[in-house]
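Peer 1: Below are the chains, spelled out letter by letter.
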Amino acid sequence: MPLKLGLIGPQVDDMAQTIARLSPEHDRFLTEAQDLLRGLNADALREKLRWQQNQQMRLPWLVAMPRGSLSGTVTSPAPPVDFSVVGCDASSIPPDRHSSVRCYVLNVGYAFLTYGRRPSAVLEAQSQLCFRDQDLYVFPDRRDVPIEGALLGARMEVETLRVLQGVMENGARPALILRDGPLILWTLQSESKEVQRALLRDLFGSMDRLREAGVPLAGYISYTNSRDLANSLRVWLCLTQPNKCEHCQSEKRDLCMALAKMHDRELLGFLTEGERSELFGSSSQILEEYGDHRVEFFYLNVGGEIVRVEVPQWVGSDATLLEFVHAAINDQCRRSPCFPPYPPALLEAHEQAVITTVERRLVEEIIDRAVGRQGQRLVRSAKDDSKRRRGV
Amino acid sequence: MRIGEIIETTSSGFVAESFELNRPPALGSLVLVRLPDETALYGAVTYGQTAGVDPSRRAVRRSTDVVFDGAIYEQHPELEHILRTEFGVALVGFVAAGRLRHHLPARPPPLHFSVQGVSREEVCYFTDGLLYFRLLLIPYGDVPPQQVLAANVRWVYEQRGHDDIWLDTAAREIATLLKNDSAALLTVLYAIDPGDVPMLREQGGVA
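Just so you know, the sequences run in chain order A and B.
When you line the first sequence up against the working numbering, it's residues 3 to 394, in that order.
When you line the second sequence up against the working numbering, it's residues 34 to 240, in that order.
Here chain B stands alone, though its shape is the one from the complex:
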C-alpha cells in the first residue's frame, strides 16, 4: 500500500510526504521503496513531522472555547492543503536479485517514488537477521537513534506476533552492539519495555 512520496533523498535515507495529514507511519516501522529493476529498498521510520507546506508560514493557534482538536479541521478545511506531514526514513537494507542485504544500497531511491508499507511476511523475511540494527544506530533526523532502534524492536515484535525468541535475540544483539556504552544500552532496553525483555527480567529490571 502506498503511504507517501519521496521528496528528499540521499544515500543514507530519504524524506517522504505522507498521504495522510497528521498520520505518518509509526516511529521505527519498516517501509519499502520498489524500483523498476525489482530491487526493494527497506527503511525504518526515524521521525514524523507536520508543518506548513510553505516553510515561511508558521502554524498559528486556531482553537476557541468551542472549536478545538478535530473540529478545527472541519472549521478550516483549507488546512488539509496548507499543512503537510512528512517522515524521515533511514535505509537499512535491500533485496536485489533475490538476495537480502543489510547494508546501504548503491544509490539513493529516486525522488518522487512511492513509499509503501510492508506486509507481515516481508517484516519477518527482513528481520530474521539483525545486522540492520547497526544502520539504525546511525543518527538520521532529530530523534536519538536509541529511541528509533527501540521503537523498531517494539514494532517488529508486534508484527511478528509477539515472537519472544526474536525479541530475546534482538536484545542480545543490542547488548553486543552497545557493550561499550552501558548508558545507551539501558536507554534502548528500557525503551523497549523492561517487562518484555528476558535479559532485563533475568537481571531483575533496570532500576
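Looking at chain A on its own, in the form it has when it is part of the complex:
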C-alpha cells in the first residue's frame, strides 16, 4: 500500500485534538456574532456595504446585502393542495484529452413529482453526444475557446434548463423547478466577458421562458459553506479597509478573525425547523451579467441542517412565488426519508443524471466500435494506455 497510513495516524489525532481545543472559543465567538447580527440595523449595514463597494478597491470577500432585516425569520407557509416539484441534475463524460476523438456526453436527469389529489411521477433523463464544432467551442466560427472544465459545467447548466423548459411547457401548475446546486455560475468569473455572455445568453433565454410561464426556479445547496453574511458582519466591524487585516488595531479583531472561519449556516443556527431567513443579495461578480435574473438567496432550516436557496430576482420580488418556493422546499424535506432531509425530487433527479463507471466504459466502447466500423482508428495516448493495462 503506497499510502503510509502509519504516518497520517498521529496527524489525524493532532487535528482532532486541535478541533476539540478550539471548539469552546468558536462557540463563544458564534454567540457574540449572533448577538451582533440581532442588534445590527440592516439600513446601516446596507449603507456601509454600498460605501465599501463603491470604493476603488473591490471587497476581497463575497458579502450578503440584506433585502430585509438581518435576523428576521419567516415561518413556512403550507403548500398548495395540488402542486409539482421538478428536481433536476446533470452529469457529463468530459472530453478525453488522451483520445483522438473529441466529444463529450451530457446527461440531464429530472424527477417531475406531482402531489395532491392526483399524485404522479415522471423520472427521466435526456442524454446527448456532443461532437460538432458548435458543441465543442464557445465560438465555433473561429474554433476558439474549447468547452471543457468550468465551461462544460456551465454548458450543463444551460442544457439542464433547456430540457426543463421543454418539460414544463405542458406540465401542471403550480410547479417549482429545483436545481441541485447554485444558480450563480461563479466558475465563469475568470472567463472573459465575451465568453460569459456567450454561455449565459442561452441560460437566460430559458429563464425568460420560465418566468413568462410563471414557473419559479430555485437552486438548493445542502451543507452550504457560504460566508456571505459572516463577511458582511466583518465589513461592519472593519474600521479601515477589509483587505488590510494585518494592520488592524480594532478591539473586535478577534471576533472578525473568528467570523472569517464561520459559516452562515452556523450564524443562522437560531432558525427553527421550517423557518427561513429574509432575502439577501449576493455580491458575486458574475451577477453583473445576470440582468433581470440576478440571483438572491435565503437560508432555510429544513430540519437537521440549514441550506442555502438561491432564486432569481423575479422570484424573490414576487411574494406569491417566493412563498411557494419556501413551502414546496419545506414540504419536500418533510417527505424525505433521510435525516438530515434532502428533497426527494433532487435525490431522484440525481439517480437519473448520474453516469456510472460501467456506463462510461460502455460509451467509450460504443464510440470505439462505431469509429472502427467506418475504417477509422481511435488512438489513445501511451500514458492512458499504460494506466489501463497496469502491467507488472
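I should point out that these hints are in silico values taken from the structure, not numbers from a laboratory.
Possibly wrong hints are sitting among the right ones.
[Claimed, not checked] Some, not all, of what chain A presents toward chain B, calculated at C-beta under 8 Å:
#, residue
1, T77
2, L115
3, A123
4, L125
5, P339
[Unchecked claim] Per the computed footprint, the stretches of chain B lying under chain A, defined by three or more beta-carbons under 8 Å from a beta-carbon of chain A, are:
#, segment
6, 88 to 99
7, 113 to 123
[To be verified] Label-pair distances were calculated between CB atoms; the ranges are:
#, chain 1, residue 1, chain 2, residue 2, range
8, B, H145, A, F272, 52 to 58 Å
9, B, P88, A, G151, 30 to 36 Å
10, A, K195, B, R90, 40 to 46 Å
Predicted model only: the values in this text are computed from it and were never measured.
Just so it is clear, CB atoms sit at the ideal spot from N, CA and C, and this is done for glycine as well.
With chain A fixed as given, assemble chain B onto it according to the hints.
Peer 2: Relative to the frame of chain A, chain B by itself:
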C-alpha cells in the same frame, strides 16, 4: 392477460417483473409464456419479491404518525418508479404441437417475453395430469418446495371449482412422491389444509 415480463431465464425457470407493484401473482399459481411457434410454456410461481430497481439502494422507512401503508405511495409518487416487484417461476411443462408435456422444455423462454395469466380451461387442461408435481418439488428460489407445491394444490383446487376428486388424487400423488419423507409429506398436506384433504380426514388429521 399479460402480467409481467421475463428479466432472467434458465432451463428450469425464469424471473419476471410484475406489471403491478406489490402484486405478484399468487404463490403456486400457474402462468404461461407463449412462443412464436405456438408453444405454450407453463410455470408455477415460486416466490414474489418487491425491492428497489437499483440493487444498491435499500428501501428505508417512510411512514410517519399520520402517513402510513397505502398513503405512503400517495405521498411519494416516485416509489412506483424506483421500486419493482418480481416473481420467480419454475417451469412445469409445455404444450407443443397440440401435446401436453409435464417436463422441462428444450429451451428456456426468451428474455423480455410476456408472462400471462392462465384461464380456468387452461388450468383444468394442464392439471388433469399430476406429473408436474415432480418438477415443483425441485427448489427454485428461497421458498421451500413443499410450500410451493401446497400453494399450487390450493390454487388449482380453487380454480377447478373446489374439485374434491382432483384434490383427493393430488393428495395421493403427493403421498406417493414423498412416501420416503414423512416430515415433508406432512408439511405439504398440513399446508394444503387438513380439513380439505380426504386422506387426512380418514387418518383423523395430522395432529
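Peer 1: Look at each hint and say if it fits the structure.
Peer 2: Against the structure, the hints:
The beta carbon of A:T77 is not positioned within 8 Å of any beta carbon in chain B (closest approach about 20 Å), and the interface hint is therefore violated. At its closest, the beta carbon of A:L115 sits 6 Å from a beta carbon of chain B; the interface hint therefore holds under the 8 Å criterion. Because the closest C-beta pair between A:A123 and chain B is about 4 Å apart, less than 8 Å, the hint holds. Given the 8 Å rule on beta carbons, the hint for A:L125 holds: about 5 Å separates it from the nearest Cβ of chain B.
Against a cut-off of 8 Å between C-beta atoms, the interface hint on A:P339 holds, since the closest Cβ of chain B lies about 5 Å away. Given as covered by chain A, the segment 88 to 99 of chain B passes the check, having 4 residues with a CB less than 8 Å from a CB of that chain where 3 are the minimum. Residue count for the segment 113 to 123 of chain B with a Cβ under 8 Å from a Cβ of chain A: 3. That meets the three needed, and the coverage hint holds. A hinted range of 52 to 58 Å holds for the C-beta pair B:H145 and A:F272, which are about 57 Å apart.
About 34 Å separates the C-beta atoms of B:P88 and A:G151, a value consistent with the hinted range of 30 to 36 Å. A beta carbon spacing of about 44 Å between A:K195 and B:R90 agrees with the range 40 to 46 Å that was offered as a hint.
When the structure is compared with the earlier hints, a violation turns up for hint 1 alone.
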